[in-house]
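Asker: Okay, here's what each chain looks like letter by letter:
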Amino acid sequence: MSNELVLLTMVGMGLVTFLPRLLPAWFLRGRKLHPFIEAWLKYVPVAVLAALLLPSLLVYDGQMNLSWSNLYLWAALPAGFTAWKTRSMFATVLVGMAVVAIARLVL
Amino acid sequence: MINSNFDKISFVKRVLTPALPVVLGYIPVGFAYGVLGVNAGISTLNTILMSIIVFAGSAQLMATGFFAQGLNPFSIIITTFVVNLRHMLMSASLSAHMREWKKVEVAGFCYELTDETFAVHSLRFSEGDTSSLPAMSINLICQFSWVVGTILGVLAGNLISDVKPFALDYALPAMFIALLILQVHHRKHVIVAIIGAVISIILWKIGITQWNVILATVIGATLGAVIETTSNKRQPAPLVEVENE
Chain A
3 MSNELVLLTM VGMGLVTFLP RLLPAWFLRG RKLHPFIEAW LKYVPVAVLA
53 ALLLPSLLVY DGQMNLSWSN LYLWAALPAG FTAWKTRSMF ATVLVGMAVV
103 AIARLVL
Chain B
9 MINSNFDKIS FVKRVLTPAL PVVLGYIPVG FAYGVLGVNA GISTLNTILM
59 SIIVFAGSAQ LMATGFFAQG LNPFSIIITT FVVNLRHMLM SASLSAHMRE
109 WKKVEVAGFC YELTDETFAV HSLRFSEGDT SSLPAMSINL ICQFSWVVGT
159 ILGVLAGNLI SDVKPFALDY ALPAMFIALL ILQVHHRKHV IVAIIGAVIS
209 IILWKIGITQ WNVILATVIG ATLGAVIETT SNKRQPAPLV EVENE
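Protein chains in written order, with the numbering used here: chain A, 3 to 109; chain B, 9 to 253.
Derived by calculation from the structure, the hints in this document are not laboratory data.
Among the clues, some could well be false.
Straight-line distance between alpha carbons at most 25 Å, and here's what the computed BS3-like set of lysine-lysine pairs gives [claimed, not checked]:
hint : chain 1 : residue 1 : chain 2 : residue 2
1    : A       : Lys87     : B       : Lys196
2    : B       : Lys110    : A       : Lys34
3    : A       : Lys87     : B       : Lys111
4    : A       : Lys87     : B       : Lys110
5    : B       : Lys110    : A       : Lys44
6    : A       : Lys44     : B       : Lys111
7    : A       : Lys44     : A       : Lys34
8    : B       : Lys21     : A       : Lys34
9    : A       : Lys87     : B       : Lys21
In this text, all values refer to a predicted model and were calculated from it rather than measured experimentally.
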């Protein structure tokens with residue numbers, strides 16, 4: 003593929019990425035929504051974060067890994083505990099990274 | 009009015025505290041993308057431009073493979089569309105908080121709406137910090153770090169450097185753990201989170217690897233909304249509703 007065609011393809015990719023990011027906010031923001039839709043949108047953050055998170059913890063190299071070798075999964079326990087106790091994103095990230103780094107050194 | 013509380017906190021702290029974990033995660037992932045991009049035969053300039061024009065981690069990583077295979081542009085664009093369609097739900101769920109914003113601010117903010125920036129803003133907005141300038145600054149810092157990571161990766165080229173000893177690859181998963189837990193306020197949230205997570209991984213396992221997040225989110229949020237609206241009906245109806253009927 004020529005550099006020009008790659009660039010054109012990327013512009014297309016940018017457009018189909020940008021529009022779904024923009025249009026819902028653009029058209030919904032000034033609008034009074036049905037109470038059910040309003041309730042629905044309130045649950046989207048929790049649902050989508052959970053739906054993104056679990057596969058990212060369980061899947062490694064295209065395979066589901068539930069064994070002790072899956073550090074991502076087991077480090078989630080101290081990280082989650084830290085989040086629950088401290089309510090701090092930063093502390094959670096530090097604890098999570100520290101646990102993974104130490105486990106990699108030791109194991 | 010709500011925002012006045014946040015004006016007392018220094019702007020730098022208000023922007024850097026939420027942005028820093030994303031930056032920590034984006035630099036190594038952007039780096040990995042940069043390495044893969046030039047190794048896939050994409051020119052240095054185009055590899056960097058993709059981080060500016062598209063700014064979507066998983067789609068960009070996937071695209072490097074597609075460009076290397078010489079897949080046709082149309083298929084690459086359609087796949088990108090499908091992979092990034094989940095952002096529609098995120099954009100919709102933040103929309104109510106952008107009521108007072110200028111159109112150009114909405115456009116600028118949404119251009120940089122990724123999984124990670126969404127996760128950060130859904131918490132900030134729900135806590136009442138909804139003014140546009142700090143939100144846009146956070147997004148700008150995040151994309152900047154993504155581009156910096158890409159440039160470093162492009163410069164490193166085939167010289168694959170290992171970020172694993174520093175566990176930087178765990179910055180984003182840990183951030184998602186925190187942002188999920190911080191947004192769970194009652195039992196209905198717990199149910200929605202568990203349902204969303206379990207459906208997402210089941211769909212992934214049976215081979216629905218592109219649509220699993222969207223489908224799981226729609227099902228989880230619908231369940232939450234159904235529980236909420238039916239449990240409200242069981243309570244004594246407020247006077248206003250009686251008057252409407």
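Asker: Does each hint fit the structure? Answer for all of them.
Answerer: Hints versus structure:
1. A/Lys87 to B/Lys196: Roughly 20 Å between the alpha carbons, so the hint for A/Lys87 and B/Lys196 holds.
2. B/Lys110 to A/Lys34: The hint holds at about 18 Å.
3. A/Lys87 to B/Lys111: Given that 25 Å is the threshold and the Cα spacing comes to 39 Å, the pair is violated.
4. A/Lys87 to B/Lys110: Roughly 38 Å separates the two Cα atoms, so the pair is violated.
5. B/Lys110 to A/Lys44: Given pair B/Lys110, A/Lys44 holds - Cα atoms ~23 Å apart, limit 25 Å.
6. A/Lys44 to B/Lys111: Holds - the C-alpha atoms of B/Lys111 and A/Lys44 are around 23 Å apart, at most 25 Å.
7. A/Lys44 to A/Lys34: 14 Å, holds
8. B/Lys21 to A/Lys34: At roughly 34 Å apart (the allowed maximum being 25 Å), A/Lys34 and B/Lys21 break the hint.
9. A/Lys87 to B/Lys21: 22 Å, holds
Checked against the numbered hints given earlier, this structure breaks hints 3, 4 and 8; the rest are met.
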